[in-house]
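Protein chains: 2
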Amino acid sequence: TSPDDEDTFKILVATDIHLGYLEKDPVRGNDTFVTFNEILDHAQKNEVDFVLLGGDLFHENKPSRKTVHSCLESLRKYCMGDRPVQFEILSDQAVNFHYSKFPWVNYQDENLNISIPVFSIHGNHDDPTGADALCALDILSCAGLVNHFGRSTSVEKIAISPILLRKGRTKIALYGLGSIPDERLYRMFVNKQVTMLRPKEDEDSWFNLFVIHQNRSKHGATNYIPEQFLDDFIDLVVWGHEHECKITPFQNEQQRFYISQPGSSVVTSLSPGEAVKKHIGLLHVKGKKMKMEKIALETVRTFHIEDVVLADHPDLFNPDNPNVTQAIQAFCMEKVELMLDNAERERLGNPHQPEKPIIRLRVDYAGGFEPFSIYRFSQKYMHRVANPKDIIHFFRHRGQKEKKDIDLNFGKLVSRPTEAMTLRVEDLVKQYFQTAEKKVQLSLLTERGMGEAVQEFVDKEEKDAIEELVKFQLEKTQRFLKERRTEAEEEKIDEEVIFFLQLICALCKE
Amino acid sequence: TSPDDEDTFKILVATDIHLGYLEKDPVRGNDTFVTFNEILDHAQKNEVDFVLLGGDLFHENKPSRKTVHSCLESLRKYCMGDRPVQFEILSDQAVNFHYSKFPWVNYQDENLNISIPVFSIHGNHDDPTGADALCALDILSCAGLVNHFGRSTSVEKIAISPILLRKGRTKIALYGLGSIPDERLYRMFVNKQVTMLRPKEDEDSWFNLFVIHQNRSKHGATNYIPEQFLDDFIDLVVWGHEHECKITPFQNEQQRFYISQPGSSVVTSLSPGEAVKKHIGLLHVKGKKMKMEKIALETVRTFHIEDVVLADHPDLFNPDNPNVTQAIQAFCMEKVELMLDNAERERLGNPHQPEKPIIRLRVDYAGGFEPFSIYRFSQKYMHRVANPKDIIHFFRHRGQKEKKDIDLNFGKLVSRPTEAMTLRVEDLVKQYFQTAEKKVQLSLLTERGMGEAVQEFVDKEEKDAIEELVKFQLEKTQRFLKERRTEAEEEKIDEEVIFFLQLICALCKE
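Protein chains in written order, with the UniProt record's numbering: chain A, 1 to 510; chain B, 1 to 510.
In case anyone wonders, no lab produced these hints; they're calculated from the structure. Mixed in with the good hints there might be a few duds.
Note that the list lumps identical chains together, so a pair holds whenever it fits in one copy or between two copies.
To be verified - Simulated pairs of lysine-lysine, DSS-like, Cα-Cα distance not exceeding 27 Å:
| # | residue 1 | residue 2 |
| --- | --- | --- |
| 1 | Lys77 | Lys101 |
| 2 | Lys277 | Lys389 |
| 3 | Lys24 | Lys101 |
| 4 | Lys356 | Lys380 |
| 5 | Lys10 | Lys288 |
| 6 | Lys101 | Lys66 |
| 7 | Lys10 | Lys77 |
| 8 | Lys66 | Lys77 |
| 9 | Lys45 | Lys101 |
| 10 | Lys294 | Lys10 |
| 11 | Lys66 | Lys24 |
| 12 | Lys288 | Lys277 |
| 13 | Lys192 | Lys24 |
| 14 | Lys277 | Lys218 |
| 15 | Lys289 | Lys200 |
| 16 | Lys200 | Lys77 |
| 17 | Lys101 | Lys289 |
| 18 | Lys294 | Lys45 |
| 19 | Lys101 | Lys291 |
| 20 | Lys335 | Lys291 |
Excised from the complex, chain A in its bound form (with noise of 0.2 Å):
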C-alpha cells in the first residue's frame, strides 16, 4: 500500500486490555497497567489519528478505585496535548454519541486539548448494568478521555449508524457494536433485525470497518456469531472478545471482507490461545486500501505453556514402579527448567516487563498413574515463576469420559461411584449456571474459572471431589457477591447462596 500522507489514516488497533485482571496479585498485579501504558505509548510515537479499542478495556464491571485512577492517568498522560487531530467527523455525533453527556467527539471539546482521541466499544466484561445502564466506559466519557460508541438501546433489533470520518481524500465509516449476549445477538441476525445504515451519498467512495465483541469461535449451535452474518459491504472487521492474536488480516471465505482479531493484550487463562505473541496494530487507510503493520508488545508477561502424556514414555514411566511418583516429578522439573530458559530467552529486553514467566505444563496422567503433591512441586518455583499455585496441571485425556444425563436427585447422586459422580455434578453446576445465566448475566461467573475450576476437580478424582466443588464454587459466589451490587444482581446472589446451601445439605444428609 502507500506512504502515509495526509489522506492517510493511522489508527492504533487493540482489544481485550482487561485493566485491572488480577490486580490483587502482588506479583501479576500491575501486568495490564504497564501493558495499556505501553499500548498509548506506542499510539503516541506512532503519530496516530485515533485509536480504536475492541471492548473489556476493564477487566470487571465495577473496575475499582485503582483501575479507573490507573486509567484515567494513563489516558490523561497520553491522549492530551497539543497535537492536532488531522480528521474530521461528517456524521451526526449527537446520533454517534446519543447516550452520553457530552454527545460530542472529545477533541472538539474546547473545554479539553486531547491529541489522541479513543473510540471503543464495550466488551462483555465492561458492559453497562444497573438501572441506569452505565458501563465503566461512560465515566472514562464523562471525564471526556474517551469516545463510547456503538451502543444498541433495543433488545430485538439493531441499526448501526457509523461514525462518518474524513481525512483528505480518505472517509471511513466506523460501525461499531458493543458487546451483547451471543445468542440474543444470532437470533437477531437469523430474523433480519440487524441493519447498518450507510452513508447516502457515495457509498463506495467509503472505507467500512466495523468492531465487535462476540464469540467468534463457536461455542454451540447459537453461542456465537458466524462470519457470514455480517454485511458484505465491510472491508474490514476488528473482532474483540477472542484472546488469541490473529491480527493480520484475513478473507472470509464467503464474502470479501477481512478480518483482524487482535487478540487480548493479557494472559488470562492459562490455554494455548493466550500463548501466541500478543500483537497491536497499526492500521494505515488510504482511499479503499488498508495496510496492517503488526507490533509486538514488549511488556506482556511471557508464558509457556506445554503438554506431557505420560502414557506416552512407558520407557521412561511404568505405574507399577513404587518410585514412578518421583520419576513423574523430576521428569516435569526437567520441563518447567527448560520452559524457563525459552521464557527467559524470549524476553525482549523492555525494562518495564515483568521478570518471572508464567508457566504452565498440563500432565496427561491417564493409565494408572497417580499426580504428585502440587504443593511442593509450587514451593520450589514460588521466586521464579509468576503462577507457582498453578504451574502443573494434571488432567486425564486418554479413555474419553462419557456424558450422561442430569439427575437433579443429589440422593441418587451421592451414592454413586466417584467418577460418574463428579460427572454429574459438573453437569449439574453447568445446567444451573446456564439457566441461570438467561435471567441474569452472569458471564463473570460462568465463562471463566468455571469449566477450568469443575475440570480440576474432576480431574483430582478424589472422593470428596464434590465437597470441594461445592467448597469451591462458594467461595467463587462469596468473591462475587463481594463485587455486584445492584437489586437484580443482589436477589441473584441470595438464589445462588441458596442453591448451594442446599447442596451442601443434600450432601450432608447423605
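Following the hints, position chain B against chain A.
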C-alpha cells in the same frame, strides 16, 4: 467590608454534599445530585474565584458508578469554560498536591480549560483507604476536575503546608486537613504533633484560611477537636463534618479566629440540627478582611421535625381510656397535617426543589401509653411524604434509663429482665464496634445508623429486642459487606459475620 474588585477573592464555601446518599431511594435518590448542581450553578453565576469544599463530597467511600458519573458530569459542565481564573499560586504545588499523579493545580494544566477550580479535602465518608490509599476525590483529581489537598501521610505527626494564593493585593494561605479519626488527631494535638507551616515572608500579611473535617461537638472525652486546639494565627476556620448549618462566622471565645460551619446540603439524619435551613457561603476576602454572604439553597428537600410528649397532655390522653390509642393517632395525624402545611408554605418555588417533604414526628409515649401501628400510619402518607416509613418515631424520654457495666456473658444476658437486657446489648454492640473501629475503619457502620438503630430497638422495649437487634445488625452488616472490597475489609466482614452468628447461636442455646 469592601465591594468586589481585583483585590477581592470570592470563594464559594460548601461541605458535606454527600453525593449518592440514598441513591437507590425512588423518591429521594436524586436529591444530592440536584443540590450539587445548584451549588455549582451558584459558583458559576457568582463568578467565584474558586470553590472550597470541606469533605464528604461523596457519601460512600466507594461511590457507585452512577454517583461518580453524575459528579464528573456536573464538574465538567460547571467548572470548565473560558472565563479566566484570576488568582495565582505562590507556593510549591509539588508540595501542595504531592499525592496526585498530576501534582499541579488543575486550572494551570494546559490541556484542561478550567474556569472554576474546586479545592477539596476529604471527609470521613470519602477518606483514602486500601493498599493504594486512594479516595474517590483522587479519581476526580486524576480526571483534572478537583484539586484534592490536605492529605497527611504520617499517623503521628502532621505538618500542614498551605497553598499560597494571591489575587491582586490579597494573599490567602489556604490550609487543609482531610478527615482523621478524632481520637488520633486529638492525641496528636495534645502531643504537639500538629504544625501549621507559615509563609516565610510577610507572615502577617496573609489571610489564613483553614478547612477541617472533624467532630466539633464533644462526642466523648477525646472524640472531637476542641476549637482552642487550633492555632491562634488562623483568621477563619471552615468546619466540615457537622451537618447543622451555622455558616455565619462566630468568634471562638478563647482565641481570635472565626469559625464558619456551613453544614451539609442534604438531610442525612432526622434530627433537629438537620432541620435548620441549609446554606452555602460566598466568602469575600480582601486583605485581612472577610465577609461571609449566606446563600440559601433552594433545591434542598424541606424537612420538618417536631416532638410530642403524650404525658404533657393529661387533658387529652388518659392511658386508662381504652380508646386512647386512636386519640393519639388522630392527634399525630393533625400534627403531621400542620407540618405538611408548613412545609408547603416554605417551598421556595425553585422548579428543581423536590415536592414531597421529609416529616418526622417524635412521640414520647412514656407514662403508660402504647405506640400505635406505624405501618398503617405510614400508608396514609405514602404519596405526600418522602419518608413515609419513618415519619413517626416513638421513644420514652421520661424516667431516664440507667447505664450499667458491660457483661459479655450471653447466657446471663438473656436471662435478665428486658430493659436491662437491651441496654446491655446496646453497650455490648457499641463496645464491639468501638474496638473494631480501631482495627479497621468501620465508621460507616458505627457513626450513622447504629446509634439510631439501637435506640429504636431499645425504645421498643419488646421481648425480642435482642433478636431484632441482631437481625437488623446482621442485615446492616451484609449490606456493608456488599459495599466494601479491600482484603482487609473483607477479613473484617468475615469477623463481623462470625461475631453475629455467635451472638445468634448464644441466643438459640438459651
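Inset, instruction - Just pull the numbers of the violated hints for me, sorted ascending. - result: 12, 13, 16, 17, 19 and 20
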